[in-house]
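Colleague: Sequences listed follow chains Z and A, in order.
Its first residue numbered 45, the first sequence is counted upward by one per residue in our numbering.
Its first residue numbered 18, the second sequence is counted upward by one per residue in our numbering.
Be careful, since some hints might not be right.
A few chain A residues that don't get close to chain Z, going by computed Cβ distances all over 10 Å [unchecked claim]:
#	residue
1	N113
2	L138
3	G152
4	G154
5	Q163
6	E168
7	N189
8	Q218
9	S311
List of simulated lysine-lysine pairs, DSSO-like, C-alpha gap at most 30 Å [stated by the list, open to error]:
#	chain 1	residue 1	chain 2	residue 2
10	A	K166	Z	K75
11	Z	K122	A	K157
12	Z	K161	A	K166
Derived from the structure by calculation, the hints contain no laboratory data.
Note that the Cβ used here is the ideal one computed from N, Cα and C, for glycine as well.
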Amino acid sequence: MRILRLIPIVALLLVAATYNVDGQCKAFAKKVCIPELGAYTHDGNYHAAVLVEGEEAELYKTFYSDMEYRVSVCGDDKLPDVEFRVLDANKNVLYSNKDANYAKTWDFKLSSSQQLKLVVKVNSFNKPGETPASGCVAIMFGFKIKK
Amino acid sequence: MNKKYGIYSKILIVVLMVTSLLAGCKSGGTKATREAVTVSVPKDNIAVVEDIKQAEKIFNALPSPLESAMLIKSAGARFDASLLNPVGNGNSYVTNKSMALNLGIYTCDLSFASLYEQTQLIIDYMNAAKKMADGLGILKAVEQSQIDKLEENINNSEVIMEIVSETFMNSNSYLSDNGQPAIAAMVLVGGWFEGLYISTQLVDMKDFNGNKLVGRIIDQKLSIDILLNLLEGSKGNPAVDDLIVQVKKLKLIFDKISITTSKVRPEYDKTSNVTVLKSEVKTDMTPAVFKELSTTVSEIRKTFVNN
Numbered sequence: 045m046r047i048l049r050l051i052p053i054v055a056l057l058l059v060a061a062t063y064n065v066d067g068q069c070k071a072f073a074k075k076v077c078i079p080e081l082g083a084y085t086h087d088g089n090y091h092a093a094v095l096v097e098g099e100e101a102e103l104y105k106t107f108y109s110d111m112e113y114r115v116s117v118c119g120d121d122k123l124p125d126v127e128f129r130v131l132d133a134n135k136n137v138l139y140s141n142k143d144a145n146y147a148k149t150w151d152f153k154l155s156s157s158q159q160l161k162l163v164v165k166v167n168s169f170n171k172p173g174e175t176p177a178s179g180c181v182a183i184m185f186g187f188k189i190k191k
Numbered sequence: 018m019n020k021k022y023g024i025y026s027k028i029l030i031v032v033l034m035v036t037s038l039l040a041g042c043k044s045g046g047t048k049a050t051r052e053a054v055t056v057s058v059p060k061d062n063i064a065v066v067e068d069i070k071q072a073e074k075i076f077n078a079l080p081s082p083l084e085s086a087m088l089i090k091s092a093g094a095r096f097d098a099s100l101l102n103p104v105g106n107g108n109s110y111v112t113n114k115s116m117a118l119n120l121g122i123y124t125c126d127l128s129f130a131s132l133y134e135q136t137q138l139i140i141d142y143m144n145a146a147k148k149m150a151d152g153l154g155i156l157k158a159v160e161q162s163q164i165d166k167l168e169e170n171i172n173n174s175e176v177i178m179e180i181v182s183e184t185f186m187n188s189n190s191y192l193s194d195n196g197q198p199a200i201a202a203m204v205l206v207g208g209w210f211e212g213l214y215i216s217t218q219l220v221d222m223k224d225f226n227g228n229k230l231v232g233r234i235i236d237q238k239l240s241i242d243i244l245l246n247l248l249e250g251s252k253g254n255p256a257v258d259d260l261i262v263q264v265k266k267l268k269l270i271f272d273k274i275s276i277t278t279s280k281v282r283p284e285y286d287k288t289s290n291v292t293v294l295k296s297e298v299k300t301d302m303t304p305a306v307f308k309e310l311s312t313t314v315s316e317i318r319k320t321f322v323n324n
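Okay, chain Z solo, but in the shape it has when bound (with noise of 0.2 Å):
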């Protein structure tokens, strides 16, 4: 009897739950991905989100000459290997981290300003059958003036 009394808790904890998942990306955000930027300043905007593993998310933005820039792409420890890329106008890849061994941050300046994409995909485990892996994905943005 007192199971049963419990089902509407546990299921109302589990709504809660669902809507706590995001929540907890802000704090893996400040906690793992803006230390990655060192002694670049974070230009507080925020990008994160929970990714399945096999997921992709792609971001758009302007990137100034003025600037120096740090990007960070840090994925939950739930997750496998997180491949960013970043291309420009024309869908050329100008940086993959594939080729940096999955390096979680790049630094990168530009002599003219550009509005470019970064594609960031979560790897998969590749085994079948199981639940797949979800977790944070969250993409931070540092930057200082060019010296």
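Given chain Z's structure and the hints, the job is docking chain A onto it.
Modeller: Coordinates of chain A only, in the frame set by chain Z:
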């Protein structure tokens, strides 16, 4: 017993279904963004549309208020306090739309004051931003401990920038994580417009050609579609729909500015461990187009700050 078990099972099934639906609605926000993006992308750019359709989550990142202020300073512009939105106006912002837009505006003003070490203004604008965040129900956006830290480090620009960045992230992460993308978008729009407004007002027409600040204003053309895509994600919200009309008006003027860029060539510098994205760019904006742009930005910004 069995009857009661049946009732509880039914409750559980209903609650789980609601959970799934709610969760679906949440990720549906991304889907909505996708559909909205499809509408706003030019017809001739089918490949881009297809690209966007494939991605599960799209982030449209505008320059943050801190980055906008930094761009103004790096262009060598002077500080002019009269261009900021007076903190006294804060009392008249009572709708979510006006508070969201002015949270972005006050954060940009705060960033601008911070970079030019305007100590009293830094405190005033931090409090103004806090008032907007509180009004929007954003929990812990600006905490008293941060204001205290700000006062203690009022002459340390590095710490101040860190606090400004942190408080802004507290606001936009709260809004994003709590299913308020329309409000989050409006905060970013407010900040972007304020940066553009301050920049356009600081341009000296006698020194128009080769002016670095004019170059940064031209660069904002690169962000106008990102801005529209961001807003289109919350299309249907009356406040956002009004903003879309205003931004489209501004886009018509940006369309008169030409930017031609050569192929981007990444060159890795081993010494600094920095990749340089090299390209050549040609831009063209006549003084007449600049004046039109400046007037329109000023008119739109007036609708934000005068409420």
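Colleague: Does each hint hold? Answer for all of them.
Modeller: Outcome of the hint check:
Residue-level check passed: N113 (chain A) sits 19 Å from the nearest beta carbon of chain Z, beyond 10 Å. With a closest Cβ-Cβ approach of about 18 Å to chain Z, L138 (chain A) is found to remain outside the 10 Å limit, as its non-interface label requires. Its beta-carbon lying about 20 Å from the closest one in chain Z, G152 (chain A) satisfies the requirement of being farther than 10 Å from that chain. Taking the minimum C-beta to C-beta distance to chain Z, about 15 Å, the non-interface status of G154 (chain A) holds against the 10 Å cut.
For Q163 (chain A), the non-interface assignment is confirmed: its Cβ lies about 13 Å from the closest Cβ of chain Z, beyond the 10 Å cut-off. Non-interface status of E168 (chain A) relative to chain Z is upheld: no Cβ of that chain comes within 10 Å, the nearest being about 20 Å off. Listed as a non-interface residue, N189 (chain A) fails to keep its Cβ farther than 10 Å from every Cβ of chain Z; the least gap is roughly 5 Å. With a least CB separation of 19 Å from chain Z, Q218 (chain A) remains clear of the 10 Å interface cut-off, as annotated.
With a minimum CB-CB distance of about 20 Å to chain Z, S311 (chain A) clears the 10 Å threshold, and the non-interface call stands. Simply put, K166 (chain A) and K75 (chain Z) have alpha-carbon atoms about 20 Å apart, close enough for the 30 Å limit, and the pair holds. Restraint check: the Cα-Cα separation between K122 (chain Z) and K157 (chain A) comes to about 29 Å, which is no more than 30 Å; the hinted pair holds. Using a Cα cut-off of 30 Å, the hinted pair K161 (chain Z) and K166 (chain A) is violated, with the two alpha carbons roughly 36 Å apart.
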